[in-house]
Amino acid sequence: MTSNIFFKTVSGELIQESINRGEGEIAANGALLVETGKRTGRSPLDRFIVKDETTQDSVDWGEVNRPFDSEDFDQLWQRVEKFLNDKDTFVSNLHVGQHEEHYIPVEIKTQWAWHNLFGCQMFIRPDSYNPKNKDPWTVMSAAEFECEPERDGTNSDGAVIINFTKRRVLLAGMK
Numbered sequence: 715m716t717s718n719i720f721f722k723t724v725s726g727e728l729i730q731e732s733i734n735r736g737e738g739e740i741a742a743n744g745a746l747l748v749e750t751g752k753r754t755g756r757s758p759l760d761r762f763i764v765k766d767e768t769t770q771d772s773v774d775w776g777e778v779n780r781p782f783d784s785e786d787f788d789q790l791w792q793r794v795e796k797f798l799n800d801k802d803t804f805v806s807n808l809h810v811g812q813h814e815e816h817y818i819p820v821e822i823k824t825q826w827a828w829h830n831l832f833g834c835q836m837f838i839r840p841d842s843y844n845p846k847n848k849d850p851w852t853v854m855s856a857a858e859f860e861c862e863p864e865r866d867g868t869n870s871d872g873a874v875i876i877n878f879t880k881r882r883v884l885l886a887g888m889k
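With positions in the sequence shown counted from 1, the corresponding number in the working numbering is that position plus 714.
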């Protein structure tokens with residue numbers, strides 16, 4: 715199977731790709747209408763933070779901030795990357811924050827066009843990406859990936875995991 719990587723930060727193109735791929739449709743008011751799946755809101759038992767030297771003593775661990783093993787994260791990240799290698803993906807290079815000294819660069823890589831569109835609406839599309847050459851964050855979203863709780867250390871078939879040390883956010887199976 716041939717997969718494509720689409721570098722798109724233009725909302726109209728991402729909306730059109732969403733429609734073309736059957737991810738959504740245009741509502742009567744002109745907005746993009748999408749199906750969010752079984753998780754219609756927060757999924758607190760499926761959100762984790764990697765517990766390592768960086769976070770061990772700086773996070774208030776408990777039911778809200780659930781720990782996730784670093785090695786399990788790396789293995790799951792690799793499985794999701796491999797899964798996405800066979801899929802068309804959408805990539806946007808964005809900034810969190812506008813200030814030229816304090817912005818945070820973030821690359822968003824998604825399986826679905828509308829997930830990338832969401833990122834483009836949340837963050838800033840800069841004229842020049844990462845001019846200070848800072849270490850970027852990577853957000854990877856594979857909506858159709860299914861976690862295997864016993865293998866992956868997750869609670870269900872979907873998870874959101876933040877790794878502060880590696881500057882990565884993984885959304886797996888979160889339609």
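Source of the hints: derived by calculation from the structure; they are not laboratory data. None of these values were measured; they are calculated from a predicted model. Worth double-checking, as some hints may not be accurate.
To be verified - Think about it this way: if two alpha-carbon atoms lie no more than 25 Å apart in a straight line, the pair counts; the simulated BS3-like pairs of lysine-lysine are:
hint, residue 1, residue 2
1, Lys796, Lys823
2, Lys880, Lys752
3, Lys722, Lys848
4, Lys848, Lys765
5, Lys722, Lys846
6, Lys846, Lys880
7, Lys722, Lys765
8, Lys801, Lys889
9, Lys722, Lys801
10, Lys823, Lys801
11, Lys823, Lys846
12, Lys765, Lys801
13, Lys880, Lys796
14, Lys848, Lys880
15, Lys848, Lys823
16, Lys752, Lys846
17, Lys752, Lys889
18, Lys823, Lys752
19, Lys823, Lys880
20, Lys765, Lys880
21, Lys765, Lys846
22, Lys752, Lys801
23, Lys889, Lys722
24, Lys889, Lys846
Stated by the list, open to error - Simulated restraints, written as ranges between beta carbons of each label pair:
hint, residue 1, residue 2, range
25, Ala745, Arg839, 13 to 21 Å
26, Glu785, Arg756, 25 to 33 Å
27, Thr879, Asn807, 18 to 26 Å
28, Ser717, Glu860, 17 to 25 Å
29, Thr768, His816, 18 to 26 Å
30, Thr768, His813, 19 to 27 Å
31, Lys752, Asp786, 43 to 51 Å
32, Ala742, Gly776, 42 to 50 Å
33, Ser757, Asn734, 26 to 34 Å
34, Gln770, Gly736, 27 to 35 Å
35, Phe878, Ile838, 19 to 27 Å
Built from N, CA and C at the ideal position, the CB exists for glycine as well.
How the hints compare with the structure:
no. : hint                          : verdict
1   : Lys796 <-> Lys823             : holds, 13 Å
2   : Lys880 <-> Lys752             : violated, 30 Å
3   : Lys722 <-> Lys848             : holds, 22 Å
4   : Lys848 <-> Lys765             : holds, 24 Å
5   : Lys722 <-> Lys846             : holds, 22 Å
6   : Lys846 <-> Lys880             : holds, 19 Å
7   : Lys722 <-> Lys765             : violated, 33 Å
8   : Lys801 <-> Lys889             : holds, 16 Å
9   : Lys722 <-> Lys801             : holds, 16 Å
10  : Lys823 <-> Lys801             : holds, 11 Å
11  : Lys823 <-> Lys846             : holds, 21 Å
12  : Lys765 <-> Lys801             : violated, 30 Å
13  : Lys880 <-> Lys796             : holds, 18 Å
14  : Lys848 <-> Lys880             : holds, 13 Å
15  : Lys848 <-> Lys823             : holds, 18 Å
16  : Lys752 <-> Lys846             : violated, 40 Å
17  : Lys752 <-> Lys889             : holds, 8 Å
18  : Lys823 <-> Lys752             : holds, 22 Å
19  : Lys823 <-> Lys880             : holds, 16 Å
20  : Lys765 <-> Lys880             : holds, 12 Å
21  : Lys765 <-> Lys846             : violated, 29 Å
22  : Lys752 <-> Lys801             : holds, 22 Å
23  : Lys889 <-> Lys722             : holds, 20 Å
24  : Lys889 <-> Lys846             : violated, 34 Å
25  : Ala745 <-> Arg839: 13 to 21 Å : holds, 20 Å
26  : Glu785 <-> Arg756: 25 to 33 Å : holds, 27 Å
27  : Thr879 <-> Asn807: 18 to 26 Å : holds, 21 Å
28  : Ser717 <-> Glu860: 17 to 25 Å : holds, 19 Å
29  : Thr768 <-> His816: 18 to 26 Å : holds, 20 Å
30  : Thr768 <-> His813: 19 to 27 Å : holds, 24 Å
31  : Lys752 <-> Asp786: 43 to 51 Å : violated, 24 Å
32  : Ala742 <-> Gly776: 42 to 50 Å : holds, 44 Å
33  : Ser757 <-> Asn734: 26 to 34 Å : holds, 28 Å
34  : Gln770 <-> Gly736: 27 to 35 Å : violated, 44 Å
35  : Phe878 <-> Ile838: 19 to 27 Å : holds, 21 Å
Against the hints set out earlier in the document, violations occur for numbers 2, 7, 12, 16, 21, 24, 31 and 34.
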